[in-house]
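Please construct the entire structure, taking both the sequences and the accompanying hints into account.
Line order of the protein sequences matches chains A and B.
If you read the first sequence in the working numbering, its first letter stands for residue 240, the second for the next number, and so on.
If you read the second sequence in the working numbering, its first letter stands for residue 11, the second for the next number, and so on.
By construction, these hints were calculated from the structure, which means they are not laboratory data.
From a predicted model like this one, the values you see are computed outputs, not experimental measurements.
Treat the hints loosely; a few may be bogus.
[To be verified] Restricting the straight-line Cα-Cα distance to at most 20 Å, the calculated cross-link-like pairs of lysine to any residue (SDA-like) are: (1) A:Lys577 to B:Tyr429; (2) A:Lys436 to B:Gln439; (3) A:Lys355 to B:Glu442; (4) A:Lys355 to B:Gly132; (5) A:Lys361 to B:Pro360; (6) A:Lys361 to B:Tyr429; (7) A:Lys361 to B:Ile426; (8) A:Lys355 to B:His321; (9) B:Lys129 to A:Phe574; (10) A:Lys577 to B:Trp350; (11) A:Lys361 to B:Gly132.
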Amino acid sequence: MLEQAPDLATAAGWLPLAFMIIMGLAILAYVILDGFDLGVGLLLQLGESDGQKDTMIASIGPFWDANETWLVLGIGILLVAFPAAHGIVLGALYLPVALMLIGLTLRGVAFDFRVKARDEHKATWDWAFFAGSLLAALSQGYMLGRFVTGFTEDLWSYLFACLIALSMASGFALLGSTWLIIKTTDELQRRAITWAKRSIVLLAIGVAGVSLATPLVSERIYEKWFGLENLIVLWPIPAMTALTFLIAYRSLSRLPAKLDEGLRDSEWVPFASTVAIFMLAFHGLAYSLFPYVVIDKLTIWEAASAPESLMFIFVGAIIVLPVIVGYSAYAYRVFRGKATDLSYY
Amino acid sequence: MADALLLSRLQFAANISFHILFPMITIALAWVLLFFKLRFNATGDEKWMNAYRFWVKVFALTFALGVVTGITMSFQFGTNWPGYMNTVGNIAGPLLAYEVLTAFFLEATFLGIMLFGFKRVGNRMHTVATALVAVGTSLSAFWILALVSWMHTPTGFEMRDGVAHVTSWMEVIFNPSFGYRFIHTMLASFLTVAFLVIGLSAYRMLRDDITPAVQASLRLGIIMAAVLAPLQIFTGDLHGLNTLEHQPAKVAAMEALWETRRGAPLVLVGFPDAETHSNKYAIELPGIASLILVHDIQGEVKGIDAFPNAHPPVAPVFWSFRVMVGTGVLMLLISWAAAWSLKRRNGLSPFMLKALVAMTFSGWVAVLAGWYTTEIGRQPFLVSGVLRTADAVTSVSAGNIALTLTLYLLLYAVLITSYITVVFYLARQAGEAGSKTSEPTAHGPKVLAGKAATEGGHA
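Set out below in C-alpha cells:
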C-alpha cells in the first residue's frame, strides 16, 4: 500500500495533495456555512411567534443557496479528483446519502414555499423546514461517523456513528443560535442566547464522547494520536478546543448583562468561537485521516484522476476560487448587520 | 423483484426528469427578468418593475427547486453509476467541476442580492446582480450540455487500459452534436418560459386583473413564442440531421424503421412491436422519411436491423419524438393565432385566454419528450460506442434502490403539486395585492385584452 507520497515534484505527486486541500477547505466551508443555516432550521420550531420565525428565516435568506453550493463543490471534487473513492464512499453510504438529500430538498423548498403558500399552509412548511434540517444534520453526522470507522460493520461502529450524528446536530444548533445572536435583537436574541447555552453543553458532551470513543473504534487513529512523539506535538489541539469551549460559554453567560447595558460589541464572540471549535475538530480529523480518502483502503494518490485532467481543473480552480471567495465576502458585507424583514424589497 | 440496473435507470430518469423542469425555466426567465429591469431603467415606467417583482418570486421558487434537485444529481453518479466515473471520469469530471466553479456559485450568490438586496446595493448593482444570475444560469447550461453532447458524440479522447484520456479539450467540449443541442435546448428554455409567462398573464386577465404589467408580460410572451416556435422547429430539423450522421440507430428508432431500405416511409402513427419488428396499425407516407432524411425520395435509410445488439428500444423513442413534435406544432399554431388576434383585434377572446392558460406548462411536455427521445435513443450506451449502461451500474442492492426510488417519487409528487399550486396562487395574490396598492388597474378600449376580457369577467 502506498503510505508515502510519490515524488511531490511530479504532477502525479502534488496535484492529488492540492486537491485534497481544496476539497478539505470546501467541506469545512460547507459545514460552517450551511451549518449555521441548518442550525437555524433546527431551532425554527422554538420560535414563539410567526414574527420570530420570519426573522429567523430572514437571517439566512440571502445566504443559504450559496452555502449549499459548497457541498456541491466538495462532493464534486471528490467525484472529479478522486473518482475511485467517490464510488466506494457513496456506495457504502447509499441510504444516509439519500436521506440527507431528501432532507436538504425538503428544507430548501420549504424555505420558499412558506412565504409564498397560503397562510394556512405556512405551519406545515415550517414543520417541513425543521424536519428537513434535522434529517440533513443527522445524516451528515452519521455519514462522518461511518466514514471515520472505515464502514466497519459492528455494533460499536454503528453506535459511534449515531453519537457523531447527535453531536453534529448539537454543533449545528450552536452555530445557528450564535448566528441568530448576531442577526437579531430583543426578545428573540435573548432566546437565542438560551438556545446557545443548551446547545454548547450538548456539544461539549458529544465532543468529549467522540474524542474518547474514536481511538477505541479505530486502531489506526489510536496509534496516530498516542504514539509518543505525536502526543507531544498534538496536545495543543484538544487543549485549545477545551479553551475555546470555555471562552464561548463564558461569553454567552455574560452577554445578557452586557446587552442590558446596551453594549453590543461582543455579540459576535460566541459565533466566532463556535467556528473555531469546528475548525479545530476538522483539523484533528484531517490529521487522523491523512493520507487516506477511504480509511485503510485508498490513499489520495491511489484514488486520483489522471494528472492531465487534474491540471485542467486546477488551473481553473486557482483562478476562479479567489473570485468566488471575493464575491461571497461581498454578499456577506451587503447583508451585514441585523436581519430585517424577509421581503423582495 | 426488478434488478439494480432497471431500478437505477428508473431512479436516474426520475431525478433528472424532475430536475430538468426547473433549470428549463430559470435559464430563460433570468434573461426575461433582465429585460424587464433594463426596460425599467431605460423608460422609468413602473409597469416593468411590477412585472419584475412578480416574476422574480416565480424565479426564486423555481431556482430553489432547481438547486435542491441538482444536488441530488451530483450524488447519483457515485451512488448509482460508479462505472461512469471510473471509465470517463477524466472527461466528465472537469466539465462538471467547471460548471460548479463558474456557474453555481455565481448564480447562488448574486441571487441573494437580486432577491433581497435592492435597498442595500442601489439600482445599478441590482441590475448587475440580475445580469450575473442570467449569465450564471446560461453558463451552467453550456457546461452540462457539453458533457451530455459528448456522451452522444464523443470526440477528443483516447482509451488507455479501459479509461478515457483527453487528447483535445476543444474537441471534447465542441463535439459534433454540441452546437445543435445547445441551441435547441436554449430555445426550448425560452419557449417554455414564453408559455409560462403567457399562461399566468392570461390567467390574471381572466380574473380581471388587467394591469399594464400583466399586459406587457403577455405581449412579450406572445412575441417570444411566435418568433421562437418556428425557429425551434427549424433547428430541431438540423439537430435531427446531425443525429442521422452520428447516431443513425436513434433516428431509425425515432422513425420506427425496422429494416434498411430505399424509399423509406414516414410512419405518422402506429404501434412499434419489438417482437415482430414491425409497426401495427401504421399510417405511412411512402418515401417521405427518405425525402426528409436524405433529401431523396428513393434514398436509402438505415433501419434497426443495421444495428444488431446496439439499438435503442423503438416504441418509447418513437412515441416521445411524436409527443415533442406534436407539442411544438401546437405551440406554433396557438402562438401565431394569439399574435394575429393581438395585431388585428387588439385583444384576446376569453376562449383564447383559456387556451393559453391550458398551455402554461406545455414547454415541460415538449422538453421531457425531447429529452426522452435523445437519451433513450442513446441506449444501450451510456457513452456512445464507449460505455454500455449495464456496465456502469452500482452493486448496491436492488431493495435499497427500490426504497430510495419510492421515497424520491413520493417527494417529487408532493413538490410538483405544490409548485404548480403555488405558482397560480402567486398569480391570484398578485392581483389582490395589485388592486389594493399603487399600481393602477387599466380600463377603457385601449386595453390589450380590452372588450373581450371585460366580457370574460361578466361571463
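Okay, the hints, checked on the actual structure:
Taken as a hint, the A:Lys577 and B:Tyr429 pair is broken in the structure, with Cα atoms around 31 Å apart against an allowance of 20 Å. With a CA separation close to 42 Å, the supplied pair A:Lys436 and B:Gln439 exceeds the 20 Å bound. The straight-line distance between the Cα atoms of A:Lys355 and B:Glu442 is roughly 14 Å, inside the 20 Å bound, and the hint therefore holds. Taking the CA atoms of A:Lys355 and B:Gly132, the gap is about 25 Å. The hint is violated against a cut of 20 Å.
For the suggested pair A:Lys361 and B:Pro360, the alpha carbons sit about 34 Å apart, so the restraint of at most 20 Å is broken. Between the alpha carbons of A:Lys361 and B:Tyr429 the distance comes to roughly 14 Å, so the proposed pair stays at or under 20 Å and holds. For the hint pairing A:Lys361 with B:Ile426, the CA-to-CA distance comes to about 17 Å; that is within 20 Å, so the pair holds. As the CA atoms of A:Lys355 and B:His321 are separated by approximately 47 Å, the hinted pair breaks the 20 Å bound.
Distance restraint check for B:Lys129 and A:Phe574: the Cα-Cα separation of roughly 10 Å lies within the 20 Å cut-off, and the hinted pair is therefore satisfied. Annotation: proposed proximity of A:Lys577 to B:Trp350 is violated, straight-line Cα distance about 53 Å (limit 20 Å). As the CA atoms of A:Lys361 and B:Gly132 are separated by approximately 31 Å, the hinted pair breaks the 20 Å bound.
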